[in-house]
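Undergrad: Make a model of the complete structure from these sequences and hints.
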Amino acid sequence: MIQSKAPLKVTDLSVSYHDKPVLEHISFEVPEGKLIGIVGPNGAGKSTLIKSVLELVPRLKGEVTFWGQPYKRVQKRIGYVPQRESVDWDFPTNALDVVMMGRYGHLGWFRRPGKEERRLALESLRMVGMEAYSDRQISQLSGGQQQRVFLARALVQDARIYFMDEPFVGVDAATEKAIITLLNDLKRQGKTVLVVHHDLSTVKEYFDWTMLLNVRLHAFGPTDEVFTPSLLKKTYGGRLTILEQEGKMSLLTN
Amino acid sequence: MSGWWIMLTGSLVAISCGILGCFLVLRRLAMVGDAISHAILPGIVIAYLLSGSRDSLVMLFGAALIGLVTVFLIQWFQNSGIPSDASIGVVFTALFSVGVILVSLYTRQIDLDLDCVLFGEIAFVPFDRLIVGSVDIGPRAFWGLLLCFLLVATIITLFYKQFKLCSFDPALAAALGIPVAFFHYVLMGLVSVTTVASFESVGAILVVGLLVVPPATAYLLTDRLHVMILLSAFIGVLSTVLGYYVAYWLDASIAGCMVAVAGVLFVLAFLFSPKHGLMGRRKRLAKRMAVTV
Chain H
10 MIQSKAPLKV TDLSVSYHDK PVLEHISFEV PEGKLIGIVG PNGAGKSTLI KSVLELVPRL
70 KGEVTFWGQP YKRVQKRIGY VPQRESVDWD FPTNALDVVM MGRYGHLGWF RRPGKEERRL
130 ALESLRMVGM EAYSDRQISQ LSGGQQQRVF LARALVQDAR IYFMDEPFVG VDAATEKAII
190 TLLNDLKRQG KTVLVVHHDL STVKEYFDWT MLLNVRLHAF GPTDEVFTPS LLKKTYGGRL
250 TILEQEGKMS LLTN
Chain U
181 MSGWWIMLTG SLVAISCGIL GCFLVLRRLA MVGDAISHAI LPGIVIAYLL SGSRDSLVML
241 FGAALIGLVT VFLIQWFQNS GIPSDASIGV VFTALFSVGV ILVSLYTRQI DLDLDCVLFG
301 EIAFVPFDRL IVGSVDIGPR AFWGLLLCFL LVATIITLFY KQFKLCSFDP ALAAALGIPV
361 AFFHYVLMGL VSVTTVASFE SVGAILVVGL LVVPPATAYL LTDRLHVMIL LSAFIGVLST
421 VLGYYVAYWL DASIAGCMVA VAGVLFVLAF LFSPKHGLMG RRKRLAKRMA VTV
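Protein chains in written order, with our numbering: chain H, 10 to 263; chain U, 181 to 473.
Quick caveat, the hints were computed from the structure, so don't treat them as lab data.
A virtual CB, placed ideally from N, CA and C, is assigned to each residue, including glycine.
Be aware that a few hints might be false.
Sample of chain U residues at the chain H side, in silico, Cβ under 10 angstroms [claimed, not checked]:
1. L206
2. R208
3. K341
4. S347
5. L356
6. T402
7. M408
TA: Shown next, in the form of structure tokens:
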């Protein structure tokens, strides 16, 4: 019964920050098992969209359901990867420990992480190619390695829908490739992944579906239909130069 | 004998502060601890006036409540757009000044002098005894602080994973369903209770030293949170014991010497810590340079 409903349905969502509208009248329905890119200029409210859907920032109005149910009921099936800069990487902890934090939601109020959590965390670290760094203090990891640890932490949550906030920012090419491979693996397992993304040049290559967002929702659908010069121009306003040559599209933001 | 009681009482203050201080330091809230320790003064005075004694639980809870009000006010001003350091400064000086006025107004009715509130007088701790039935079971402050320590240790142990995740990544904590604000206020409530319980022995100013200096020292010495907490408590106890002897030797303020020793230990860690110390960093830098050249 749950499967028949959209993993995420947003109806008329509005968010404002200090009286300034950040998101206005957003409505969309996410299909199951797709890799979805959320694209838009700086200040478009991409991160805010994720945060308000996850009830991390208050909504002005609007309704959000997951598989037809409210967020609190299905919280354990929702994975979240915050922006890497959102945490203090000098915190006294190591990579394995950070990944184990992904299991805290499953442990309830009093149970402590034990052998099982450790095993799952190590397995996730292996999946992102970081098992050799499990006892490394997190400040000693490179940006790309930190991002992989964050990703491993999301995997260990064993969610059915994932929200990732700019996972490709400040990572090396190898990590970018590893992340996209992993996202495709998740998709093949039937999971839904929403990714806030800012690099327009890789949108077509990475995502099945694309959301064009700039305070308002400008377009949402299969990337081939949505990622077009005219819709991009509408979303970015004058801040985008599109060079189209021999059927190839180059994009410049300024 | 009284020397032992002083060191024991001081150690309990240092351990409770050392545990809680780790979370304050990691969450960049050290100055909120400072604010609480000052802002509870009016709470202490009012509780004194109402109950006429210093051992009532009413006082502890009254002051804890004021501590939470302080945190709430700071948060509220911040959310309204006032810079965080300014809102901390406004809230705690305003509340503290109310306390100062109350002390000066009612100085005859209550046995509470400002120096004692500010700097504490741990040397007097052994003379205020707790008598149960007709048996003298030791200084009153010791039992109060033991209770406070047990409270802190129990709550932090029970909810260690929540406090840890809320300190490291509050956004994920919230997304996992952990009530982040609730644990924030629990932590602040514990800081308030500990500060009230400690103020008689070390005073409102020096308690901040014990909340911040040993955790900052421990931070330099380890990469694991639980080790940091244990080290911080240990460094606090070490500061207490060494501080007591230094004070005895100099014939100076015991609480002052305790925090001064903590400060010296911090400088030592800052210079010589193998991982984060100045020397260690130099050495590693030199090594790296040698490799690249």
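Undergrad: Taking the hints in turn, state whether each one holds.
TA: Now for the hints, and whether the structure bears them out:
1. L206: 6 angstroms, holds
2. R208: Holds - the Cβ of R208(U) comes within 10 angstroms of chain H, reaching about 8 angstroms at its closest.
3. K341: Hint on K341(U): holds, closest Cβ of chain H at ~5 angstroms, below 10 angstroms.
4. S347: Nearest chain H Cβ about 7 angstroms off; hint holds.
5. L356: 3 angstroms, holds
6. T402: Constraint on T402(U) satisfied, holds at 6 angstroms.
7. M408: 5 angstroms, holds
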